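Asks: Here's the letter readout for the chains.
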Amino acid sequence: MLMINLILILIVGGFAALISERFGQNIPRKVALAVVMLDLVYLLLSLSVMPELELLQAPQPSDPQSWLMHYSREWIPAFGIKIELAVDGLSLLMVFLTLILGAVAVSASWTDVQVRRGFFEANLLWTLAGVLGVFMAMDLFLFFLFWEVMLIPMYFMIAIWGHENRGYAAMKFFIFTQVSGLLMLVSILALVAVHQSNTGVWTFSYFDLLNTQIAEQTAFWLMLGFFIAFVVKLPGFPFHTWLPDAHTQAPTAGSVILAGVLLKTGAYGLIRFAVPLFPQASIEFAPIALWLGAAGVVYGAVLAFGQTDFKRLIAYSSVSHMGFVLLGVYAWNALALQGAVMQMVAHGFSTAALFMIAGSLQERLHTRDMREMGGLWQNMPRMGAVAMFFVVASLGLPGLGNFVAEFLILLGLFQVDRWLTVIASLGLITGAAYSLLLMQRSFQGEPDETRQLTDFGSREMLTMAVMMIALIGLGLYPQPVLDIARPVVEGLLNFSATVTGELL
Amino acid sequence: MNASQMQALLPVLILSLTAVVLMIQASIKRDQKLAWIISALGFLCTLWATGYAREFAQPVTILLQVDSWSLFFSALVVFAALVTLVLSRKSFSPEGERKEEYYLLLVLSVLGAVVLIQSSHMVSLLLGMELMGVALYAMIAFPEKGLLPLEAAIKYLVLSACASAILLFGFALLYAATGQLSYVGIGQQAATAYLSNPLLVMAGTAMVISGLAFKLSVVPFHMWTPDVYQGAPTPVTGFLATVSKGAVFVALTRFYMDAQLYQYQPLITALSIIAVASMLIGNLLALRQEDIKRLLAYSSIAHFGYLLVVLITLTGTGMASDAVTFYLAAYILTSLAAFAVIARVAGEDQHKTQIAAFEGLFWRDKIQATALTVAMLSFAGIPLTAGFMAKFYVVSLAIQGSYWFLLSALVIGSAIAIYYYLRIIFSMSKTSVIDSVGDIGVQDYSANLTALLLTALILMLGSWPQPFITFAGGL
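These protein sequence lines are chains A and B, in that order. Mapping the first sequence onto the numbering used here, position 32 (from 1) lands on 32, and the numbers just tick up by one. Mapping the second sequence onto the numbering used here, position 196 (from 1) lands on 196, and the numbers just tick up by one.
Just so you know, the hints here were simulated from the structure itself, not pulled from any lab data. These numbers come from a predicted model, not from an experiment. Just so you know, even glycine gets a beta-carbon here, dropped at the ideal spot from N, CA and C. Don't take every hint at face value.
To give an idea of the interface, some chain B residues facing chain A are shown, with a C-beta separation under 10 angstroms as derived from the structure [stated by the list, open to error]:
#: 1; residue: 407
#: 2; residue: 418
#: 3; residue: 426
With the hints as extra help, turn the sequences into a complete structure.
Replies: This is the structure:
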């Protein structure tokens, strides 16, 4: 029941936030914060009663009993659809990331959102609920349901509270994800149909479908359906075009959730579903996926370099960083996969923080155009220092989480394809260039003395501190995260190796 | 005809009785409130009778087939008529005008629809379709003021007459080929007739299907749809979209199954072309519409394209007929919800059915806006709504039968469709116009209740479909 409660708390909390607006403009944000905190505490409490050893055991992907938690009950027996949730180390990391960034997002919306706060916080909480569902659902039907349903509150967040071009951005975001989701639905149903014709059983359970025997040709097309859905969400080159618009137009809290959490559902989907369900087809497809990843790294970085819009620059940098994740996943060895997981977490924090800074700037300056900024460090020293921290984190300074992640990915990738590693490393160099450019243009240079700007207050500093500590922790002592991810990674590697009958 | 057959016919009898009572009432005392109550009571009794008659399910004469499947759709149609009745009360009750005939027409049209649904013979098919259609022409043209309703009615009348003529010619050809007029009889004879004279059989079925396809407004028989949808009073548009189209599709399914038309490859090819064209053209043309009723007209063209996919995959297996049941139920509920909101928000004002007129509805009328949002999401096939489960059925059937061509048209069509459904939702969520547009008036409890009920049903079918699937499987 634990996992369902995690989701239910957020859904019910959403309604509570919606209703609480009647009692005052400022109540919903407090309710939302309380709800996310409650969820976090609930998760920690239930983990604390779990023996520590279990975390370090390698779960068998196809045996639900070896997972940390597993819950299953009938839902639509006519089609063998169950409410099946399960958590392993990977899901657990993602769930934590979601809840922490959820709290950050609530903090980001504290003063940013001025109208209809109740409905805003409700949408925020419902998005989080959907994302948690995606990370925990092990019934493919249920997974698809969460995958699609989480779009709706996110759509509303962009469409109602977004910036000047919100309609276009929200529409583009929704259509890209929905259409690719439709392809995934076809793939899911086809996979289930193949399984049904093999065994005579209707089931959508991940654990049952893992060992489905599929003809090579069919497997390739089905894999492609999943791959496109996840790569659109990631977003990987060339399906990234929705991201700069959605990010730029979304309200700050929306950008935080979008960049910090929603993009990770794509990466998660690749690791959890696309590769293990179709190991053979994925291995054959890996070279193309790797090239797409490398292209994303370089292309995103180059485009980021040319931006004048603060948020757009960060958005393109996300494309570049997510390219690394794609590389890590399709290199498909222990180092690269752990790096990919690390990147998901580290990028979540660093980008969320940068978007929050962008939001704070927009709130104070009413522009995102960096040509109109400059010398802001003098006006707002605290914000400047914080921005500096996250900019160097994002460019991959050793000692911070992102460096560990990208280094591991490159290390793993080197065993698979050397030249690609060289190309991907270019991303690190260009990353340094655009990140420092961002810093120079906005915070350094001649200050405008006429500006009266308020610096970060204690609420903002506290939020930033959480993410700083997280990134430093990930950078200096990444072992706990790697320990949690390792059993999952090993389990997946062993599984795909036995299925394909060869070790990579 | 024995007593148990009369009991099986109870829904039809009650509807006929309601019509008679309405006529007598009009001649004694003209009172539209009374007429409304009589119709409502009639529909409620019919609804009960469809449940009652299930125990007596049997073929009644050669003309009608009363079984649990047709009784379910009869109930659905009567439910839709009941919703139409609730919606009509506002639109058709300006003080001082005499509108009782409208209710009589409504009851007659429903009677036609129920006969059509239960028909197992060409004669009852034609009888039901004409009764339903003729009453509908008058309902479309009912508002005295304004040219649009009149134009719509005449357009529908002239084209329907053509369609009926084609249908009749099709009957004649099939009769010439097989010497039969009942569906089952045709099914028994057609296979041998096909061997000796394939052209006659194919031409006959093609003409029958064309005649029915006109009523379903699938491409290329769709030209009338947007004008009629726009011109008709909103409750009547809702009635046309749900009762008329639903009943005709049930009749088509019954004819297709009983006459065993699925064994003729040329026919399946033709149906596939119609389905693909409807899915693509319907959705494409909906993209640029500014009037929500026209938009829903094109969207319904696409939805009947999806339904035709189910028909094509029908090969006697159980799941496909479940799929028809589920899809039609989902489609009817969703359409009703959409038209209920339009009727409430726009009334009969031609300018208010523009999408732009729905701007900021979320902030003016939460309940109506939520209902329309759920309806649009259901049309678009987003999970947790009935529309998703319906699409789920269609996609599974297409995959199981390996109809990849139809499937790709379905995916492309749905992809296009998301845009225009979202447009409506986006328009409702716009915040810039809140101050300029005032409240839409006094609370209307019956409208809110209808919207909430339909929304709840859509969400229930989508999130907890098992009871309904079990029920549909037992039909």
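Asks: Using 10 angstroms as the Cβ threshold, decide whether residue 407(B) counts as touching chain A.
Replies: holds, 7 angstroms
Asks: Is the shortest C-beta separation between residue 426(B) and chain A less than 10 angstroms?
Replies: holds, 5 angstroms
Asks: When the nearest CB of chain A is found for residue 418(B), is that gap smaller than 10 angstroms?
Replies: Check passed: Cβ of residue 418(B) comes within 5 angstroms of chain A, closer than 10 angstroms.
In summary, this structure violates none of the numbered hints.
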